[in-house]
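**Student:** Model the full assembly from the supplied sequences, consistent with the hints where possible.
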Amino acid sequence: MFERFTKRARRSVEQAVEVAVGLRATHVRPEHLFVALVDDADNLAVRVLAALGAPPERLREELERRRSRYVDGLGDEDAEALATIGIDLHEVLRRVGRGSGESRKRGRPRFSRESKKALELSLREAIALRHNYIGTEHILLGLVRGGDPAVRDTLAALDVSTADLRAAVADAVRKAG
Amino acid sequence: MTTESDLATAASASDPRTGLRAVRALRRLLEELERTQVRRARAEGWSWQEIGEALEVSRQAVHKKYRRD
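Protein sequence lines correspond, in order, to chains S and H.
Quick note on my numbering: the first sequence kicks off at 644 and runs consecutively.
Quick note on my numbering: the second sequence kicks off at 665 and runs consecutively.
Rather than coming from a laboratory, the hints here were simulated on the basis of the structure.
Positions of the beta carbon are idealized from the N, C-alpha and C atoms, including for glycine.
Treat the hints with care, since some could be wrong.
Cβ pair distances, simulated, as ranges [to be verified]:
| # | chain 1 | residue 1 | chain 2 | residue 2 | range |
| --- | --- | --- | --- | --- | --- |
| 1 | S | Leu666 | H | Glu695 | 50 to 58 Å |
| 2 | H | Val687 | S | Arg751 | 33 to 41 Å |
| 3 | H | Lys729 | S | Arg751 | 18 to 26 Å |
| 4 | H | Arg681 | S | Arg767 | 26 to 34 Å |
| 5 | S | Val664 | H | Ala707 | 12 to 20 Å |
| 6 | S | Ala694 | H | Asp679 | 39 to 47 Å |
| 7 | S | Asp685 | H | Arg723 | 50 to 58 Å |
| 8 | S | Ile728 | H | Glu698 | 14 to 22 Å |
| 9 | H | Gly709 | S | Arg751 | 18 to 26 Å |
| 10 | H | Val721 | S | Ala694 | 13 to 21 Å |
| 11 | S | Gly665 | H | Lys728 | 26 to 34 Å |
| 12 | S | Ala819 | H | Asp679 | 46 to 54 Å |
From the derived model, a few chain H residues whose C-beta atoms are all more than 12 Å from chain S [as the list claims (entries may be wrong)]:
| # | residue |
| --- | --- |
| 13 | Thr682 |
| 14 | Glu720 |
| 15 | Ala725 |
**Tutor:** Have a look at this one:
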């Protein structure tokens, strides 16, 4: 599958592993892929996001702010749903003291199921746009379509909708091409 | 932005949609807590057998689910 990735896209995927390592995460999660995309200055994904009013520094800030609140796969929506039955998610996580048990024993973090899914979806997004390669912009779309809460809520916080993003990517590629 | 308590009050817990979303979130939370605790137990040297007993599931079931963690 990686043979269709551009050099830059491949580098972002590799960089996501480093992001996960740096955070002592057990898995490379979609939010780590997102951070890697955002950290790579001036790729197409970053340019498209900036044009939609979500510059890298704001995205980084939002992701950072959310990091402590997100546990694998649990987001704001889940916290709200749990509150309806009297469970305070943040209190539960505080008591469990999540973090201390999170450090990896050994080895490189592996890609989480959601990250693999997002990368597969990036291929589908490229196909849907009739592009014969997978660039950082397709990874971005794959991440959005994958529905990871950290990614979704970060973009929602900056008022970037999926539809806008897809249109902006198609547009940007047309201009660049 | 709506706060959690606003939503909790606004959405009646008797509405199945709300209830089902809570169940889904609870399932995610359960999975997350289980993974965290199994990891901790392993880090402290527990055997799969001991973890299985604590969770009242078979040793094989725990091992299969978490061996790659």
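**Student:** Please go over all the hints and tell whether each is borne out by the structure.
**Tutor:** Now for the hints, and whether the structure bears them out:
For Leu666(S) and Glu695(H), the Cβ-Cβ distance of about 20 Å falls outside the hinted range of 50 to 58 Å, so the restraint is violated. In this structure the hint that Val687(H) and Arg751(S) lie 33 to 41 Å apart at CB holds, the actual value being about 35 Å. The given range of 18 to 26 Å is respected by Lys729(H) and Arg751(S), whose C-beta atoms sit roughly 21 Å from each other. For Arg681(H) and Arg767(S), the hinted distance range of 26 to 34 Å is satisfied, since their beta carbons lie about 29 Å from each other.
Between Val664(S) and Ala707(H) the beta carbons are some 18 Å apart, a value that agrees with the proposed interval 12 to 20 Å. Distance hint for Ala694(S) and Asp679(H): a CB-CB separation of about 40 Å, consistent with the stated range 39 to 47 Å. Distance hint check for Asp685(S) and Arg723(H): the Cβ-Cβ separation is about 52 Å, which falls inside the suggested range of 50 to 58 Å. Taken as a hint, the range 14 to 22 Å holds for the pair Ile728(S) and Glu698(H), whose Cβ atoms sit roughly 19 Å apart.
Separation of Gly709(H) from Arg751(S) is about 23 Å and conforms to the stated range, judged on CB atoms against 18 to 26 Å. Distance hint check: the CB atoms of Val721(H) and Ala694(S) are about 51 Å apart, inconsistent with the given range 13 to 21 Å. Taking the beta carbon of each, Gly665(S) and Lys728(H) are about 30 Å apart, inside 26 to 34 Å as hinted. In this structure, Ala819(S) and Asp679(H) meet the distance hint of 46 to 54 Å, their C-beta atoms being roughly 48 Å apart.
Distance check on Thr682(H): its Cβ comes as close as 5 Å (rounded) to a Cβ of chain S, failing to clear the 12 Å threshold; non-interface status is violated. Listed as outside the interface, Glu720(H) is consistent with that label: its C-beta sits roughly 20 Å from the nearest C-beta of chain S, beyond the 12 Å cut-off. Listed as a non-interface residue, Ala725(H) keeps its Cβ farther than 12 Å from every Cβ of chain S; the least gap is roughly 19 Å.
Comparing the model with each earlier hint shows violations of hints 1, 10, 13; every other hint is respected.
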